[in-house]
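2 protein chains.
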Amino acid sequence: MGMIVQKFGGTSVATMEKIRRATSWVIEEKRRGNDVVVTVSAMGKTTDELIHLASEFNVRENRREMDLLLSTGEQITVALFTMALQEQGFDAIGLTGWQAGIVTEPVHGRARIVSVQIDRIQKELARDKIVIVAGFQGISTDGEITTLGRGGSDTTAVALAAMLQANRCDIFTDVTGVFTSDPRYIQKARQLSSISYDEMLELAHLGANVLHPRAVEFAKNYQIPLVVRSSMENKQGTIVEEVVSMEKDLIVRGVAFEKDITRIKVFGVPNEIHSLSAIFSILAEHHINVDIIIQSATESNPNSVSFSIKTEDLEATIQLLESKKKDIPFDHLEWESGLAKVSIVGSEMISNPGVAAKMFSCLSAEGIFIKMVSTSEIKISVVLDEKHMIRASDLLHNAFQLEKVSELAY
Amino acid sequence: MGMIVQKFGGTSVATMEKIRRATSWVIEEKRRGNDVVVTVSAMGKTTDELIHLASEFNVRENRREMDLLLSTGEQITVALFTMALQEQGFDAIGLTGWQAGIVTEPVHGRARIVSVQIDRIQKELARDKIVIVAGFQGISTDGEITTLGRGGSDTTAVALAAMLQANRCDIFTDVTGVFTSDPRYIQKARQLSSISYDEMLELAHLGANVLHPRAVEFAKNYQIPLVVRSSMENKQGTIVEEVVSMEKDLIVRGVAFEKDITRIKVFGVPNEIHSLSAIFSILAEHHINVDIIIQSATESNPNSVSFSIKTEDLEATIQLLESKKKDIPFDHLEWESGLAKVSIVGSEMISNPGVAAKMFSCLSAEGIFIKMVSTSEIKISVVLDEKHMIRASDLLHNAFQLEKVSELAY
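As they're listed, the protein sequences go chains X and U.
Residue 690 in the numbering used here is what sits at position 128 of the first sequence, and the numbering runs on without skipping anything.
Residue 680 in the numbering used here is what sits at position 118 of the second sequence, and the numbering runs on without skipping anything.
Isolated chain X (complex conformation) (with noise of 0.2 Å):
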């Protein structure tokens, strides 16, 4: 008998026929003689249904009540999940993320998980019933009500996962899997019956939209096996775990691409540590995620730094960074937005040098400038125009012949 974590992602859950047939997949885990628990994630749009009624009110800066608001959505779901098991004669029980004990730290619209109090949890287990936990939301330290995010429902699971020594963790999603590049847009995009954890970090990092980051990071970090699969077809997914050993000749396995990306340029800046730390421990403790770093103290420009944000996040870096000038300190800012990130991954990459200046080599012959690259032991990153990012991506689908790329070896 074995401990199984499902997530069940928004347009799994979306009608009450979609709640019904996903309840299916927990009912054959558990008369194979499995323990289940599983996470649930607000029914199909109301996340944005509800984000959209608090557009009425202008109240940009107050997270707290957007997360008291946000919250009732998965409430909701694990209600609905938890009766239509009841109907079919299983003894389940639902709980909201307090009632669960995911506890947060104490910050509202992505807070990160400290710990999960898994005593509730094992005591319903222990009365042999499936326990249904509302995904995406947890309590603060302090006592509120706190979301972890968009995609934050794959956190939940997977650290209920990691806590409850959890066999292996299902993630029910719209896609039957994780694949080489998105097939909505890349054409010979195809799916990979396994990747590693690194990998899979650098394609949810990247924006491929399958798996929440932080939930890679946490099963990476407790090796708890992920299973991504659609809810809705009984087909094979992709597993992620850990890879020992795979075949040499695979280099690249996947393109990433992700648009409304903003350049930021610094000018001015004192060339000492210091500055730069203030720079980025500002945008740190206001939650802005930065990406890639450029420092480039040529002639012309003696004393810069450039980084990429999101968009989204242009207006408070910019108040943000004016509002300590003196501080820091610097002496103008510049910003380029309309950009996007393009990225291939792969786990022998370090080991390829020719693979970067392939990347690189292919982009240029088709006129498409790059603006900014980020190298790690398994992905090269270029930022470019917007307007170029498909293309660059299916270029490189191509170069790198992934529709042809055999399975990981193990």
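These are computed hints drawn from the structure, not numbers from a lab.
There could be a bad hint or two in this list.
The list treats identical chains as one, so a pair stands whether inside a single copy or across any two.
As a list, the in silico SDA-like pairs of lysine to any residue whose alpha-carbon atoms are at most 25 Å apart [as the list claims (entries may be wrong)]:
#, residue 1, residue 2
1, 592, 618
2, 797, 653
3, 691, 615
4, 580, 609
5, 933, 839
6, 691, 671
7, 580, 618
8, 691, 628
9, 592, 616
10, 888, 837
11, 580, 621
12, 888, 960
13, 920, 724
14, 607, 689
15, 933, 865
16, 685, 702
17, 607, 576
18, 886, 824
19, 580, 616
20, 685, 621
21, 691, 667
22, 691, 703
23, 886, 830
24, 691, 617
25, 580, 620
26, 592, 628
27, 607, 577
Take the given structure of chain X and dock chain U to it, following the hints.
Relative to the frame of chain X, chain U by itself:
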């Protein structure tokens, strides 16, 4: 500087515009220098919509998940109402039932409040915040989300007013005050400027639907003046408070009526106090409200007892009693649905024995047959066929000249 509690019902917060209108009443009291605590219901038809969602699943007995579902309705209003105040520059904070310390007995669907832990609310008031609390819900002594049943938001408001020693509790609703009878059906019904707790309690119990009876009891016990008024019209409402002196000629103050009543007759009950108490203890344990009880030990029916319940409780009542048939014991049950209750209410009734006679003769003169009678110090109720309900009420309203009665004197 005083303390005011205000409650806004579902129709008063049904749209964003109505929420904004409702906040103007809150702001008015705040500007006068008062501390204000607000209780809100779910928006408009939200509760009905949630019940409709749940009706998809055939799980009648489990009310726990129903409470989890329904409590989201008030939580949504709390968030939006708080945002509406913040937008206007007022420092406000929204709290769920459990955050506000509303502790109830561990019963789902119609829990009673056992205590209010007001520390959190007091802390927020000390910070000069307007506090918005979800009505209708609480946390049980064993940590579950509970609801107080329909109309429970009134009880939340009055409980808060009592614990916070408020100067007044305003109940904003979709009517302008308390009437001598329901003006939708009784043409000559008119609004009262004041009414005593006891009279209001009888009217509330009798289906006047303006205030929840538990709320009136709470207000009476703690001597909190209630004001029933409309959030949409700038009209004086009805004050509900302790009445010390009143004019002697005031006898009947209101006519209330309620349909969907069922009379149950239990035959073959041993004429022992034990058997009777067994019947009503079982029903009370299962939170089935019994209204009128008549034990008629006549020769033709030596050992029967009749009582009236709401028709919605009929199935549960029959099941319960049949399951305890041998323990009580009794011989068999009969019941009659499609009945209604019509009542006249007034504080001075007990000192005017002619009132009951006038009531009965008024109805019998029109050929309306009375099936049960019940009297208290301040009311007389009769059970009759539902089809006669409105006509009987109209006849009584005229007979006691309620359209003319002068107001209570203080």
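Name the hints, by number, that the structure is in violation of. 2, 12, 13, 14
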